[in-house]
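Undergrad: Please construct the entire structure, taking both the sequences and the accompanying hints into account.
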Amino acid sequence: MATKIFKHLHSTVVPVHIENIDTDQIIPARFLKATTREGFGNNLFRDWRFDENDNPKTDFVLNNPLYSGKILVAGKNFGCGSSREHAAWAIADYGFDVVVSSFFADIFKGNALNNGLLPIQVSDAFLRTIFTAVETDPHTEIEVDLEKQLIKLTVTAEQEEFEINPYKKACLINGYDDIDYILSKKHLIEEFETKA
Amino acid sequence: MGNTLFDKIWDAHVVSKNEGFPDVLYIDTHFIHEVTSPQAFDGLRDRGLPVFRPKQTVATADHNVPTIDQHLPIKEALSRYQVDMLTKNSAEFGIELYGLGHPYQGIVHVIGPELGITRPGCTYVCGDSHTSTHGAFGAIAFGIGTSQVEQVMATQCLLQSRPKRMKIEVNGKLNLGVTSKDIILYIISKISAAGGTGYFVEYAGDTIRSLSMEGRMTICNMSIEMGARGGLIAPDETTFEYVKGREFAPKGNEWDKALAYWKTLYSDDDAVFDKVLTFDAADIEPMITYGTNPGMGIGVTQKTPATNSIGTDERSSYTKALAYMDIDDDAAILGKAIDYVFIGSCTNSRIEDLRQVAAFVKGKHKADHIIAWIVPGSKQVQQQAIREGLDKVFIEAGFALREPGCSACLGMNEDKIPAGKYCVSTSNRNFEGRQGPNSRTFLASPLTAAAAAITGCITDVREMLELENA
Ligand code: SF4
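Going line by line, the protein sequences match chains P and X.
At position 186 of the first sequence (counting the first as 1) the number is 186 in my numbering, and the numbers step up by one without a gap.
At position 233 of the second sequence (counting the first as 1) the number is 429 in my numbering, and the numbers step up by one without a gap.
A portion of the hints provided could be inaccurate.
[As the list claims (entries may be wrong)] With a cut-off of at most 27 Å between alpha-carbon atoms, the simulated DSS-like pairs for lysine-lysine come out as follows:
| # | chain 1 | residue 1 | chain 2 | residue 2 |
| --- | --- | --- | --- | --- |
| 1 | X | K459 | X | K471 |
| 2 | P | K76 | X | K516 |
| 3 | X | K360 | P | K76 |
| 4 | P | K185 | X | K360 |
| 5 | X | K204 | X | K251 |
| 6 | X | K532 | X | K617 |
| 7 | P | K70 | P | K169 |
| 8 | X | K459 | P | K57 |
| 9 | P | K76 | X | K386 |
| 10 | X | K251 | X | K213 |
| 11 | P | K57 | X | K617 |
| 12 | X | K204 | P | K195 |
| 13 | X | K369 | X | K453 |
| 14 | P | K185 | X | K213 |
| 15 | P | K169 | P | K186 |
| 16 | X | K213 | P | K186 |
| 17 | X | K453 | P | K195 |
| 18 | P | K169 | X | K213 |
[What the hints assert, rightly or not] Just the calculated beta-carbon pair ranges, DEER-fashion:
| # | chain 1 | residue 1 | chain 2 | residue 2 | range |
| --- | --- | --- | --- | --- | --- |
| 19 | P | S123 | X | E610 | 40 to 46 Å |
| 20 | P | T136 | X | E510 | 19 to 25 Å |
| 21 | P | G41 | X | A533 | 37 to 43 Å |
| 22 | P | K4 | X | K386 | 37 to 43 Å |
| 23 | X | T497 | P | E143 | 50 to 56 Å |
| 24 | P | K4 | X | T460 | 40 to 46 Å |
Note that these hints are calculated values from the structure, not bench results.
Just so it is clear, CB atoms sit at the ideal spot from N, CA and C, and this is done for glycine as well.
TA: Below you can see the structure in the form of structure tokens.
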């Protein structure tokens with residue numbers, strides 16, 4: 001089963017200027033009763049987006065018509081807490097292809113990559129630059145080039161290189177999948193088991 | 197150069213190593229539960245693959261089960277469906293299931309150790325971040341996402357890059373009323389909720405050594421709350437004593453062989469860690485969190501930080517957290533009135549926790565307005581508590597002893613803290629809405645939680661203990 005292919009992206013961004021966003025905020029536990037991967041986007045950031053009566057909260061950025069795009073930009077330590085992959089599914093299902101932050105929790109980062117959602121870790125300074133740009137002009141566009149590992153603000157051409165595990169990069173660019181890779185080593189697994 | 201304990205176990209489990217690729221790591225036991233497994237089973241079906249090693253896969257229903265009337269069908273349709281799916285999938289793929297009604301059912305991180313499935317030197321994963329709990333036995337254990345659950349089901353292996361190693365030493369004697377929960381809340385408050393990201397932590401030092409297995413599990417459990425991949429503690433006599441004789445522990449010759457190996461599991465004296473932190477047990481007082489991540493903790497007699505002492509980048513998040521909790525900055529937390537007490541979760545729901553709470557509340561009664569739930573970590577813990585008569589103590593004190601499950605730890609079943617209400621909880625996360633939409637959580641030890649139930653407000657348990665000891 002191939003993952004989604006990702007190479008480039010050119011898009012406006014949605015800034016969620018909050019730090020330590022945990023996966024309980026991204027998708028609250030009460031929505032984890034589903035047994036498929038689809039439909040979680042409706043409940044992305046549920047309790048920040050909607051009040052008790054399911055009315056949209058106008059002060060939350062996802063409800064602000066000025067902001068849209070395929071890039072989510074968030075404060076430091078994004079995706080901490082629960083290992084629920086539903087968080088990555090919700091973000092991807094909502095329509096994001098990239099999440100930018102200055103720091104990601106480990107499990108979230110892995111989950112995102114396994115779903116063709118690219119987590120880009122930038123410096124604190126570059127993150128500030130993006131927030132300032134977007135909060136001044138909601139039409140600010142960002143370009144992402146995975147091959148070159150570059151993220152760039154289109155108008156000012158300010159850019160930064162980002163890191164990604166070379167294997168994971170190849171997976172995204174080619175749509176490879178971890179299971180196919182490990183299964184190609186099946187003989188080694190069986191050998192390992194007889195030694196143990 | 198010597199090896200760390202972590203590297204010894206990791207190296208012994210590497211199936212294949214390729215430059216530029218993550219290692220293919222062999223997983224000894226894969227724990228699964230109802231919430232993070234259905235999509236993985238579907239993935240296997242789509243690929244036409246079996247579970248590669250079903251005998252090394254153990255299933256239980258815990259996150260989404262009711263904690264009363266477990267003998268009746270689950271009322272809520274979606275929850276029932278999810279639990280039924282686990283039953284169906286386990287049967288179809290040949291996996292042993294400790295489901296509702298089974299004498300071994302319980303929170304996955306409680307039953308593994310108590311059944312002797314969790315042992316030194318092994319690797320464990322589960323689609324749940326608190327899998328780090330099992331590291332208390334000197335094992336490598338960590339949480340994974342559902343794609344990885346599918347990966348382990350399909351191959352019994354996980355593609356994983358080796359994390360950095362951190363050692364956290366705690367030395368010295370613990371003060372009265374200070375428990376392992378306070379140690380870990382203290383450490384996280386010092387290094388922040390992201391301070392361990394990218395690392396696997398080994399806890400060491402004489403304070404850690406002096407802890408029971410239950411205490412060690414509480415510490416390793418919360419490793420993830422500082423962002424660490426996992427935490428582990430070198431096995432010793434306390435560990436071996438605990439494992440010995442348990443249902444699935446090795447027996448006879450196998451035991452002797454295993455024990456000989458387990459005794460080699462420690463970090464060599466000259467092992468190099470990427471980071472070393474040292475704490476003094478004497479500095480730790482009973483802890484309480486005041487904010488919306490587990491790093492926002494203070495000693496129970498301290499004040500919340502003044503907003504102007506927080507860095508500018510973090511200030512808006514700090515203000516947001518205090519507003520959510522409706523708590524002032526630079527203010528005492530002691531005496532703050534609360535509404536609920538939850539004693540449970542994979543952090544503090546073992547028999548030792550229940551014994552400690554029972555000993556403390558015996559002869560006392562909860563404050564009138566408090567709702568106090570005790571949710572045992574497993575069927576076995578529940579049965580043991582009843583055998584020891586703890587249930588009677590709890591009832592007399594006005595606490596409800598419920599049936600095992602994750603319960604109000606994550607508010608997935610009906611055990612939720614209502615909006616705006618305050619709960620002192622022995623669980624591990626105080627995130628916004630974690631215990632129910634708009635609920636407010638103070639994380640604390642079972643002792644501090646029990647004390648709050650009695651007085652109806654946040655209390656320094658030491659004062660009550662001193663009175664008793666006087
Ligand atoms: S008790 Fe809480 S933290 Fe532990 S496994 Fe259950 S939901 Fe997760």
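Undergrad: If a hint holds in the structure, say so; if it does not, say that too.
TA: Going through the hints against the structure:
For a cut-off of 27 Å, the pair hint linking X:K459 to X:K471 stands: about 25 Å separates their Cα positions. Simply put, P:K76 and X:K516 have alpha-carbon atoms about 15 Å apart, close enough for the 27 Å limit, and the pair holds. Pair hint X:K360 plus P:K76 holds up; C-alpha atoms about 20 Å apart against a cutoff of 27 Å. Between P:K185 and X:K360 the CA atoms are separated by roughly 26 Å; this keeps the pair inside 27 Å, and the hint holds.
A C-alpha spacing of about 25 Å is found between X:K204 and X:K251, which places the hinted pair at or below 27 Å, so the restraint holds. At most 27 Å may separate the alpha-carbon atoms for a hinted pair to count; X:K532 and X:K617 meet this at roughly 12 Å. Distance hint between P:K70 and P:K169 is fulfilled; the C-alpha atoms sit about 19 Å from each other, no more than 27 Å. For a cut-off of 27 Å, the pair hint linking X:K459 to P:K57 is broken: about 58 Å separates their Cα positions.
For the hint pairing P:K76 with X:K386, the CA-to-CA distance comes to about 18 Å; that is within 27 Å, so the pair holds. A C-alpha spacing of about 26 Å is found between X:K251 and X:K213, which places the hinted pair at or below 27 Å, so the restraint holds. Distance check on the hinted pair: P:K57 and X:K617 sit about 21 Å apart at the alpha-carbon level, within 27 Å; holds. In summary, the hint linking X:K204 to P:K195 is supported, as the alpha carbons are separated by about 17 Å, within the 27 Å threshold.
Our distance criterion of 27 Å between C-alpha atoms is broken by X:K369 and X:K453, whose separation comes to about 35 Å. Annotation: proposed proximity of P:K185 to X:K213 holds, straight-line Cα distance about 11 Å (limit 27 Å). Distance check on the hinted pair: P:K169 and P:K186 sit about 23 Å apart at the alpha-carbon level, within 27 Å; holds. Distance hint between X:K213 and P:K186 is fulfilled; the C-alpha atoms sit about 14 Å from each other, no more than 27 Å.
Between X:K453 and P:K195 the CA atoms are separated by roughly 15 Å; this keeps the pair inside 27 Å, and the hint holds. Our distance criterion of 27 Å between C-alpha atoms is met by P:K169 and X:K213, whose separation comes to about 18 Å. Hint check: P:S123 to X:E610, Cβ distance near 45 Å, so the stated range 40 to 46 Å holds. About 22 Å separates the C-beta atoms of P:T136 and X:E510, a value consistent with the hinted range of 19 to 25 Å.
Between P:G41 and X:A533 the CB atoms are about 39 Å apart, so this pair conforms to the stated range of 37 to 43 Å. A C-beta distance of roughly 40 Å is found between P:K4 and X:K386, which places it inside the suggested range of 37 to 43 Å. For X:T497 paired with P:E143, a C-beta distance near 53 Å keeps the hint of 50 to 56 Å intact. The hint said 40 to 46 Å for the Cβ distance between P:K4 and X:T460, and at roughly 45 Å that hint holds.
The structure shown violates the earlier hints numbered 8 and 13.
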